[in-house]
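So the protein sequences, as listed, match chains A and B.
Residue numbering for the first sequence follows the UniProt record's numbering, starting at 1 and increasing by one per position.
Residue numbering for the second sequence follows the UniProt record's numbering, starting at 1 and increasing by one per position.
Some clues are possibly wrong.
Claimed, not checked - Calculated pairs, EDC-like style, for lysine to aspartate or glutamate (alpha carbon to alpha carbon, straight line, at most 20 Å):
1. B:K46 with B:D270
2. B:K106 with A:E21
3. A:K205 with A:E179
4. B:K218 with B:D193
5. A:K148 with A:E21
6. A:K59 with B:E153
7. A:K148 with B:D43
8. B:K218 with B:E192
9. A:K74 with A:D52
10. A:K205 with A:D232
11. A:K59 with B:D144
12. A:K74 with A:E53
Unchecked claim - Quick look at which bits of chain A chain B covers, simulated, 3 or more residues with Cβ under 8 Å:
13. 28 to 39
14. 43 to 53
15. 129 to 143
16. 148 to 158
17. 217 to 225
18. 230 to 243
19. 276 to 287
Claimed, not checked - Here are some chain B residues the structure puts well away from chain A; computed CB gaps all over 10 Å:
20. R60
21. G66
22. N79
23. F114
24. F115
25. P116
26. D144
27. P152
28. P164
29. T274
Derived from the structure by calculation, the hints contain no laboratory data.
Please read all numbers here as calculations on a predicted model, not as lab measurements.
Even for Gly, the Cβ is constructed at its ideal location relative to N, Cα and C.
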Amino acid sequence: MTSSVAKTTARTTARRAGGLEPFTLISIAGVALFMIACLIPFWVILSGSFTDEQTLAGKGYSLLPHPFSLAAYKLIFTGPTLVSAYVASVFITLVGTALALSFTSGLSWVIARRLPYVSRPLAIFAYIPMLFSGGLVPLYLLVTQYLKLQNSYFAVILPLLVAPFLVFIQVSAFRQLPEEILDSARVDGAGELQIFFRIGLPLSKPILAVVGLFYAVHYWNEWFTALLFMSDVHKYPLPLLLQNLISNVSFSQMLPAAAQQTTPVYQLRLALTVVTIGPILLAYPFAQRYFVKGITLGATKG
Amino acid sequence: MTTRTPLRTSLRLGLLALPAVAFFLVFSYAPLAGLVVAFKEFDISKGIFGSPWNGLANFRYFFSSGDAQRILLNTIVLNVLFLAATLAAGVTLAIMLNEIRGRFFKRAAQSTIFFPYFVSPVVIAIMLQVLLSGPNGSGGVVNDALTGLGLPEVGWYTEPGPWPWILTFVKVWQLGGYMSVIFLAAITSIPEDVYEAGQIDGASRAQMALRITLPLLKPTAAVLLVLGVGRIFYGDFGTIYAIVGDNGTLFPTTDVIDTYVFRSLRQIGDFGTTAAIGLFQSVVGFVLVSTAVLIQRRYSKETSLL
Numbered sequence: 001m002t003s004s005v006a007k008t009t010a011r012t013t014a015r016r017a018g019g020l021e022p023f024t025l026i027s028i029a030g031v032a033l034f035m036i037a038c039l040i041p042f043w044v045i046l047s048g049s050f051t052d053e054q055t056l057a058g059k060g061y062s063l064l065p066h067p068f069s070l071a072a073y074k075l076i077f078t079g080p081t082l083v084s085a086y087v088a089s090v091f092i093t094l095v096g097t098a099l100a101l102s103f104t105s106g107l108s109w110v111i112a113r114r115l116p117y118v119s120r121p122l123a124i125f126a127y128i129p130m131l132f133s134g135g136l137v138p139l140y141l142l143v144t145q146y147l148k149l150q151n152s153y154f155a156v157i158l159p160l161l162v163a164p165f166l167v168f169i170q171v172s173a174f175r176q177l178p179e180e181i182l183d184s185a186r187v188d189g190a191g192e193l194q195i196f197f198r199i200g201l202p203l204s205k206p207i208l209a210v211v212g213l214f215y216a217v218h219y220w221n222e223w224f225t226a227l228l229f230m231s232d233v234h235k236y237p238l239p240l241l242l243q244n245l246i247s248n249v250s251f252s253q254m255l256p257a258a259a260q261q262t263t264p265v266y267q268l269r270l271a272l273t274v275v276t277i278g279p280i281l282l283a284y285p286f287a288q289r290y291f292v293k294g295i296t297l298g299a300t301k302g
Numbered sequence: 001m002t003t004r005t006p007l008r009t010s011l012r013l014g015l016l017a018l019p020a021v022a023f024f025l026v027f028s029y030a031p032l033a034g035l036v037v038a039f040k041e042f043d044i045s046k047g048i049f050g051s052p053w054n055g056l057a058n059f060r061y062f063f064s065s066g067d068a069q070r071i072l073l074n075t076i077v078l079n080v081l082f083l084a085a086t087l088a089a090g091v092t093l094a095i096m097l098n099e100i101r102g103r104f105f106k107r108a109a110q111s112t113i114f115f116p117y118f119v120s121p122v123v124i125a126i127m128l129q130v131l132l133s134g135p136n137g138s139g140g141v142v143n144d145a146l147t148g149l150g151l152p153e154v155g156w157y158t159e160p161g162p163w164p165w166i167l168t169f170v171k172v173w174q175l176g177g178y179m180s181v182i183f184l185a186a187i188t189s190i191p192e193d194v195y196e197a198g199q200i201d202g203a204s205r206a207q208m209a210l211r212i213t214l215p216l217l218k219p220t221a222a223v224l225l226v227l228g229v230g231r232i233f234y235g236d237f238g239t240i241y242a243i244v245g246d247n248g249t250l251f252p253t254t255d256v257i258d259t260y261v262f263r264s265l266r267q268i269g270d271f272g273t274t275a276a277i278g279l280f281q282s283v284v285g286f287v288l289v290s291t292a293v294l295i296q297r298r299y300s301k302e303t304s305l306l
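Kindly produce the complete structure, drawing on both the sequences and the hints.
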């Protein structure tokens with residue numbers, strides 16, 4: 001640290017500088033430990049899903065799939081109910097996310113433009129549901145008695161369509177767009193709606209990805225509304241099917257008739273878990289970057 | 001721009017908000033009207049507005065049922081545990097991550113610890129079964145480890161005692177990484193010269209973390225605390241119900257308002273009482289969050305939520 005060059009680098013990286021002090025070592029160990037704790041449950045499930053049923057039942061779970069077996073996966077991809085659960089989840093996620101994203105964008109844009117008489121009341125209107133909600137009973141009565149949506153995928157999609165928290169994330173992102181660009185479009189004679197569709201949205205792709213991903217994960221994992229409003233086994237989304245496999249309720253209805261005598265129950269449970277996490281795992285490397293951006297935006301803007 | 005936009009443009013642009021407004025009216029505001037069920041002897045054939053009033057009978061019934069005390073206590077205890085543990089884990093992980101210099105390791109670490117946030121409660125429930133009970137109700141990874149150490153096996157799913165801690169553990173596992181991202185963002189916004197000053201004074205890494213980073217994370221923690229306090233009467237239904245389900249032996253320590261409401265709605269079909277509990281929950285939650293926001297506002301004006 002004697003040369004001036006070294007000094008400047010030391011200054012600019014002050015919070016990183018210094019040797020490997022005990023505190024740094026403890027930190028690395030702590031983070032590594034948490035990483036392992038995050039990974040082990042996934043690994044045990046993955047390995048179990050490839051382990052022969054008899055071994056699972058007899059010896060329990062292990063870290064290596066031995067003897068190796070694909071029985072559960074074969075069952076999943078031949079059983080009609082399991083495939084239909086996948087279809088249900090994909091439908092709910094795609095349609096739900098598309099609707100949620102467009103509703104949220106429209107509302108957020110209007111709030112973000114700070115229009116007189118409109119923006120502030122709308123913001124308050126969207127904020128109140130965060131503080132005060134009717135709770136389960138009124139929602140249940142609304143969906144079952146008035147909207148009659150039982151056993152429709154829309155019973156899962158609609159009640160969760162717009163999340164106030166994500167509205168506010170998107171508002172603060174829309175407000176960061178440079179006003180000059182919008183103004184120049186106005187000078188060129190573009191209408192307000194044109195500005196939103198042709199300039200606002202295309203410039204906001206990153207935040208649309210963030211908010212869209214939040215919605216997609218939330219729909220993919222959603223099972224509470226499904227539990228409340230879906231009673232037809234053939235329309236169950238994946239998480240609800242999984243939940244039923246845990247409690248073994250109406251289990252036999254979900255499998256192809258021929259397979260029932262030798263059903264690898266434990267293995268199947270794990271394989272279905274893997275299949276449920278699968279798409280998230282595939283999207284993860286792409287999704288995580290945007291998620292971090294979204295949370296940080298939400299956290300700093302409140 | 002505000003001054004140049006005439007009312008007419010405002011209203012035309014306002015059309016964009018219409019679908020979302022319709023959503024909030026139907027799914028957030030209309031159910032508020034449905035809360036009158038709490039004051040009614042609800043009869044599904046007569047509908048919400050045709051059922052006869054019964055005053056505060058539903059509330060009285062709930063509070064005298066003997067369940068009230070238990071589920072309120074459980075709700076508060078669990079939420080306080082969750083909130084304290086996830087905040088602590090988030091701060092600790094963020095400070096630890098901040099110590100890591102290797103770019104690759106840091107990125108890998110962040111990706112890994114963030115992943116549980118994406119996992120459905122149902123999947124978490126299955127993981128817990130794998131870890132705690134084994135395929136046929138005995139054994140499991142944790143019990144295998146216990147017997148390996150010469151300790152007796154524990155029948156986790158018949159033992160209500162440890163569950164508040166197990167659930168807290170789950171919450172930390174699920175949200176630790178998520179929280180750490182928030183705190184890490186706050187750490188990166190701490191001005192560099194504060195650390196330079198610390199370094200000149202000869203502070204060690206540990207001292208800088210404890211004396212500089214930790215105190216400067218307080219405002220962020222306060223915001224998260226306020227948000228958490230507002231939710232203190234909500235039981236995190238998804239996770240708890242997915243894990244505990246209808247396993248009655250665990251209710252003494254795990255039954256919370258939301259799971260109780262769900263069960264009484266499903267099994268008993270008592271709409272009046274469950275609506276009353278829901279209303280109680282909303283009112284108390286609202287009072288709590290307002291108080292928390294006001295207190296927080298008094299102490300730190302800049303970081304306030306509203």
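Here's how the hints hold up against the structure:
For a cut-off of 20 Å, the pair hint linking K46 of chain B to D270 of chain B stands: about 15 Å separates their Cα positions. A threshold of 20 Å between alpha carbons decides the hint, and for K106 of chain B with E21 of chain A the separation of about 17 Å falls inside it, so the pair holds. Taking the CA atoms of K205 of chain A and E179 of chain A, the gap is about 17 Å. The hint holds against a cut of 20 Å. The suggested pairing of K218 of chain B with D193 of chain B holds, with an alpha-carbon distance near 19 Å, which does not exceed 20 Å.
Annotation: proposed proximity of K148 of chain A to E21 of chain A is violated, straight-line Cα distance about 64 Å (limit 20 Å). This hinted pair checks out: K59 of chain A and E153 of chain B have alpha carbons roughly 15 Å apart, not beyond 20 Å. For the proposed pair K148 of chain A and D43 of chain B, the alpha carbon gap of about 17 Å is at most 20 Å, so the pair holds. This hinted pair checks out: K218 of chain B and E192 of chain B have alpha carbons roughly 18 Å apart, not beyond 20 Å.
This hinted pair checks out: K74 of chain A and D52 of chain A have alpha carbons roughly 13 Å apart, not beyond 20 Å. For the hint pairing K205 of chain A with D232 of chain A, the CA-to-CA distance comes to about 38 Å; that exceeds 20 Å, so the pair is violated. For the proposed pair K59 of chain A and D144 of chain B, the alpha carbon gap of about 10 Å is at most 20 Å, so the pair holds. With a C-alpha separation of about 13 Å, the suggested pair K74 of chain A and E53 of chain A falls inside the 20 Å cut-off, and the hint holds.
Taking a C-beta to C-beta cut-off of 8 Å, the stretch 28 to 39 of chain A contributes 9 residues in contact with chain B, enough for the three needed, and the coverage statement holds. Using a Cβ-Cβ cut-off of 8 Å, 3 residues of the stretch 43 to 53 of chain A lie near chain B, which meets the minimum of three, so the contact claim holds. Counting residues of the stretch 129 to 143 of chain A whose C-beta sits closer than 8 Å to any C-beta of chain B gives 13, which meets the bar of three, so the coverage hint holds. For the stretch 148 to 158 of chain A, the stated coverage by chain B is not satisfied: 1 residues place a CB nearer than 8 Å to a CB of that chain, which falls below the threshold of 3.
Interface restraint, the stretch 217 to 225 of chain A with chain B: holds (5 residues with C-beta to C-beta distance below 8 Å; minimum three). Counting residues of the stretch 230 to 243 of chain A whose CB lies closer than 8 Å to any CB of chain B gives 4, which reaches the minimum of 3, so the coverage claim holds. Coverage of the stretch 276 to 287 of chain A by chain B holds [criterion: at least 3 residues with CB-CB distance below 8 Å; count 6]. Every beta carbon of chain A lies more than 10 Å from that of R60 of chain B, the smallest distance being close to 17 Å; the non-interface claim holds.
Every C-beta of chain A lies more than 10 Å from that of G66 of chain B, the closest at about 21 Å, which supports listing it as non-interface. Once the 10 Å rule is applied to beta carbons, N79 of chain B is consistent with being away from chain A; the minimum gap is 17 Å. Interface exclusion of F114 of chain B from chain A breaks down, the closest Cβ pair being 6 Å apart, not more than 10 Å. A cut-off of 10 Å between C-beta atoms contradicts the statement that F115 of chain B is not in contact with chain A; the least separation is 6 Å.
Taking the minimum C-beta to C-beta distance to chain A, about 6 Å, the non-interface status of P116 of chain B is violated against the 10 Å cut. Against chain A, the non-interface label of D144 of chain B is violated: not every CB pair exceeds 10 Å, the least being about 7 Å. At roughly 17 Å from the closest C-beta of chain A, the C-beta of P152 of chain B stays outside 10 Å, upholding its exclusion from the interface. No Cβ of chain A comes within 10 Å of the Cβ of P164 of chain B; the nearest lies about 19 Å off, and the non-interface call holds.
Against chain A, the non-interface label of T274 of chain B is violated: not every CB pair exceeds 10 Å, the least being about 5 Å.
Taken one by one, the earlier hints fail for this structure at numbers 5, 10, 16, 23, 24, 25, 26 and 29, listed in ascending order.
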